[in-house]
Amino acid sequence: MSTTEKAMEAFVHETGSWVAAQLESCTRCGMCAEACHFYQATGNPEYAPVWKMELLRRAYEQRFTLVGGIKLSLGLDKPITDEEIAHWGELNYEACTVCNKCSMVCPMGIDIGSLLHGMRAGLAAAGAIPADLAAAVTKQVDEGSPLGMTDKVWDQRLEWVADEWEVEIPRDVKGATTLVVFSSIEVMKFPANVAAIAKVLNKAGEKWTVSSKAREIVNFGFYEGSEEHTKLFLNRVLDGAKDLGVKRIVVTECGHAYDALRWHAANWIPEASNFEVIHITGVLGELIGSGRIKIKPGFFNDGGKITFHDACKIQRKGGHIQEPRDILKVLAPDAFIEMTPNREESVCCGGGGGVIAVKAADPVRYASFELKIDQVNTVSAKTVAMTCSNCRLQFTDGVDHFKLDWKVAGLSQMVADALEE
Amino acid sequence: MSEETIKKGLADKGVSRRDFLKLGGLLAAAMGMQLPPLEQSGLPAALGTPARGSQIEQNILHALETKQRLPVIWLEFQDCTGCTEAVSRSVSPSLENLVLNTLTIEYHETLSAAAGYQIEQAKQDAMKKYAGQYILVVEGSIPTDNDGAYCVIGGRTAIDHLKEAAAGAAAIIAVGNCAAYGGLPKAKPNPTGAKGVWELITDKAVVNISGCPAIPEATTGTIAHFAIFGTLPELDNLNRPKTFYGKTVHDRCLRRPFYEAGKFALSFDDEGAREGYCLYKLGCKGPTPYNACATIKWDQGLSFPIQSGHPCLGCSEPNFWDGGGFYQGQSTPLDKPTVAVVGAAVGVGAALGIGTALVNQSKKKAKKGGSK
Amino acid sequence: MNQQTVLEFARGPFFYFALLFMLFGLAYRLFSVISLGWSKNRVPNKGSQAKGVFMTFLKGVLIWPFIPWVKNTFTRNPLIYIGGGLFHLSLFVVIILGTPHMLVTKSLVGVQWATLPLPIVDFMAATGIIAMLILLVNRMIHPVMKLISGPAEYLAWLFVFLPMITGYMMTHHIGGSYESLFTRHMITVDVLMIWIPLSRLSHFVFYFFSRAIHGQEFGKRGVAV
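Taken in order, these protein sequences are the chains called A, B and C.
Following the working numbering, the numbering of the first sequence begins with 1 at its first residue and continues without gaps.
Following the working numbering, the numbering of the second sequence begins with 1 at its first residue and continues without gaps.
Following the working numbering, the numbering of the third sequence begins with 1 at its first residue and continues without gaps.
Rather than coming from a laboratory, the hints here were simulated on the basis of the structure.
Careful, some of the hints might be misleading.
Stated by the list, open to error - Quick list of the computed label-pair ranges, beta carbon to beta carbon: (1) C:ILE130 to B:LEU302: 45 to 53 Å; (2) C:PHE54 to A:PRO297: 31 to 39 Å; (3) C:ILE120 to A:ASP400: 56 to 64 Å; (4) C:ARG76 to A:VAL379: 17 to 25 Å; (5) A:GLU83 to C:LEU58: 44 to 52 Å; (6) B:GLU275 to C:SER180: 28 to 36 Å; (7) A:ASP302 to C:PRO44: 40 to 48 Å; (8) B:ARG274 to C:ILE174: 29 to 37 Å; (9) C:PHE54 to A:GLU286: 22 to 30 Å; (10) C:GLY176 to B:PHE268: 28 to 36 Å; (11) C:PHE54 to B:ASN237: 55 to 63 Å; (12) C:SER180 to B:GLY301: 29 to 37 Å; (13) B:ASN237 to A:GLU83: 58 to 66 Å; (14) C:LEU58 to B:LEU302: 56 to 64 Å.
As the list claims (entries may be wrong) - Restricting the straight-line Cα-Cα distance to at most 30 Å, the calculated cross-link-like pairs of lysine-lysine (DSSO-like) are: (15) A:LYS403 to A:LYS305; (16) B:LYS129 to B:LYS8; (17) B:LYS129 to A:LYS78; (18) A:LYS242 to C:LYS220; (19) A:LYS305 to A:LYS329; (20) A:LYS78 to B:LYS363; (21) A:LYS71 to C:LYS146; (22) A:LYS203 to A:LYS296; (23) C:LYS40 to A:LYS231; (24) B:LYS365 to A:LYS71.
Said to hold, decoys possible - Residues on chain B that point at chain C, a partial pick, calculated with CB under 10 Å: (25) HIS250; (26) ASP251; (27) ALA261; (28) LEU266; (29) GLY276; (30) THR288; (31) THR332; (32) GLY347; (33) ALA351.
Ideal Cβ positions, reconstructed from N, Cα and C, are used throughout, including at glycine.
Chain A on its own, in the form it takes in the complex (with noise of 0.2 Å):
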């Protein structure tokens, strides 16, 4: 089967009512393009969401509209080619984070993100992904974790994060009612969230355990699209919860993971409903509300102004919009400023779908950053606080990058820092 073939049959597969309703009324105005960051920072009207989806619009129209149909025979409009699949390819895997902020702004409402997303289904499987990507997916599948975390790695961190920052790590306990995943990001580059994310669960006398089984949070296989891949790094998490008969999986620091075992999980493996799942986030604005844990107030009121990053799977897409806010102004009531736009309506990092594993992307992710520095410049952020690995990664490549002066923080560790004793 061809190229094409394969990305059509994934195309029409990912077309049901709720796909062609939505692509039947968009009017093509093009102001999605006005909400991309990435058409933002580079002027380049490919990058407009209604452009990068146009492969899934034209497939649906050839294969199931009688217009599309007379269209084709006319020769209005040719057949989809390979040329056509590989050059979308590196339009949605480069130049899109499926942030949905296009969404926000389509006057028509079209969950422009969830049609990018099938858009990836079809490319996944014609195999028009970035070979960095693809090797990432690979190296998942095979190691269990794109980062290289193996078993033995894991182990080795987590028993290295237990001694350095003197904490209980519970591991693959039975009969817990938690089960915490961490990301391999978190892991690897930022294992004080680690520790942090262990001191306030311990500290809140919460029964938690992670899983030698359930070791990665991080789907690779939602970032390429591919649902046999998502499946089956759903269903190593899953494995692991359900062999320690925990009640509820806690995604840490990580968006897309928390998007795909959230929001997507029960619709693949009707098990997954089986269990609450949970942002960190929300687990810390309950610890906090309900009086579990206590944070010093004002802890963070003197070291410069504090603003908080949305991120768009854990606060636009996820829901976890006030709990930051309301930690934020008990750490800082001083010094926490609001950037704008803000909550729902934020500018994405520019790193994440996947963006910031792909190494041809390093302009574009560099140039959508830009906006987002302008954004904290305006406000005189000296720090940044973000719920999502992935974006701190992002941003902490970016200061770097760029040369600034801001600090990179994630909430979880702040609360651990200002945790009353």
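Starting from the known structure of chain A, fit chains B and C onto it as the hints suggest.
Chains B and C alone, transformed into the frame defined by chain A:
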């Protein structure tokens, strides 16, 4: 009789010089006389300048003084005599009365005293005597189905009568919507195959004085124009004299300001109706029909339908009986699908849509199965 | 064939056909889409989907159009926002609040309502026409719009523009006798009605779906929309 000049004929009837002068002015005004028709009249060019009302009046008076009276043959077919009523029922000394007096009506079924063979014979004599000179006025539509059997006069069909009279006519004037465009008899389903004069007489110009009834001054004014200048007035694309049919009823309507201001009567007995608001929402057809109702009016300028509170029916336009409900707006479609027809269209559309979706679903399933 | 005959055709059989074709075509389009199959979303909700749907219609239809500066689309691209907004407002005023158009609805379904004075409707019609011209120019010069516009987009523009301009000319008696203007308006309206189900102009049907989906998706996640 017709050898005497129009002026002498009037004088014989006791019209004074003063009244005669007034008539000239009235005619000029009624016909909206400007220079072009004067030039066409063949009168000395010097008379035409300068183009001032008084000068034109002088020219008309000159014409009336010198021209001979015109013989007229007035045929009635499928009509209601309403147009004759309109023309003849006037208070003396009115314009139309005077003009009628300047003509010699050789044949008119309603007005002639004679009847039967006598009048038919008189008509034949007149047509012979004045061949090529008389004016033919037609009132009523002509039935054409079943060889014209629906209207037979003196054993001959209306078509026959019309064609015979038209052959020797100097000018043909169709008075009223029936004669002009078929009118009521032509309304769906048009059982008699009624037609207007100009559909049957194609080798000669037919002037259409449409309306139901035609405005008398439009009829008499046109006849007077021919009497004075010997030519037909300038016509629009429906062969109506532009003088009378140059503007729509809406253009000159006294309720027009209310239309612009969005003040409408919503029923015939509401406050809006009492206030004299625009009747557009009650189905007034004013914007499309071209006629002089709003300016000349009826009964010596007394009133016209809109003034008296009734929406315009558009009676000066072809097929006005079939042009949508009289009490439905001008803008409305002429025909609307019934609920059943709409239901069928939507139902068939939906069924085909569901069918397409099912075919597409099977495509999806086939692909899904294949890839696994 | 004289003007009157053409007008009667445009107001009569052609309109009849166009109306039926539009209803038939929209039913076809709608059902071919909604019968394709909806998969049930088994994911437990965080917030209320119903509330999300309610809020998104409330905001999308009633609030945002009147306080555009809360949307950053407006601040980034006011042209499309204002142009598109005014165009739709103009359509609403002219088609719903214009007397002749209300009478069409009245004759078809028997319901009538109060309408606006002609000068206001006329002003909005002119606004809509100008907005459309600006949007056309924008479509021709904006890089994104150039990229995403093909013959279908320009044809759709044309078929919407023609009834608007002929309607305006008719109101002002520009360019011919009233019936010929009326005829042109009716013919273009009929063509538009036929074109609606064949093109993206049918978006007003699918709008309710995409808007509801937006409300569901965000409401489910507990995000204000």
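Quick rundown of the hints versus the structure:
no. : hint                             : result
1   : C:ILE130 to B:LEU302: 45 to 53 Å : 47 Å, holds
2   : C:PHE54 to A:PRO297: 31 to 39 Å  : 37 Å, holds
3   : C:ILE120 to A:ASP400: 56 to 64 Å : 60 Å, holds
4   : C:ARG76 to A:VAL379: 17 to 25 Å  : 19 Å, holds
5   : A:GLU83 to C:LEU58: 44 to 52 Å   : 45 Å, holds
6   : B:GLU275 to C:SER180: 28 to 36 Å : 34 Å, holds
7   : A:ASP302 to C:PRO44: 40 to 48 Å  : 42 Å, holds
8   : B:ARG274 to C:ILE174: 29 to 37 Å : 35 Å, holds
9   : C:PHE54 to A:GLU286: 22 to 30 Å  : 27 Å, holds
10  : C:GLY176 to B:PHE268: 28 to 36 Å : 34 Å, holds
11  : C:PHE54 to B:ASN237: 55 to 63 Å  : 57 Å, holds
12  : C:SER180 to B:GLY301: 29 to 37 Å : 31 Å, holds
13  : B:ASN237 to A:GLU83: 58 to 66 Å  : 59 Å, holds
14  : C:LEU58 to B:LEU302: 56 to 64 Å  : 58 Å, holds
15  : A:LYS403 to A:LYS305             : 19 Å, holds
16  : B:LYS129 to B:LYS8               : 22 Å, holds
17  : B:LYS129 to A:LYS78              : 80 Å, violated
18  : A:LYS242 to C:LYS220             : 26 Å, holds
19  : A:LYS305 to A:LYS329             : 12 Å, holds
20  : A:LYS78 to B:LYS363              : 20 Å, holds
21  : A:LYS71 to C:LYS146              : 20 Å, holds
22  : A:LYS203 to A:LYS296             : 14 Å, holds
23  : C:LYS40 to A:LYS231              : 18 Å, holds
24  : B:LYS365 to A:LYS71              : 25 Å, holds
25  : HIS250                           : 8 Å, holds
26  : ASP251                           : 8 Å, holds
27  : ALA261                           : 5 Å, holds
28  : LEU266                           : 8 Å, holds
29  : GLY276                           : 17 Å, violated
30  : THR288                           : 6 Å, holds
31  : THR332                           : 4 Å, holds
32  : GLY347                           : 8 Å, holds
33  : ALA351                           : 8 Å, holds
When the structure is compared with the earlier hints, violations turn up for hints 17 and 29 and for no others.
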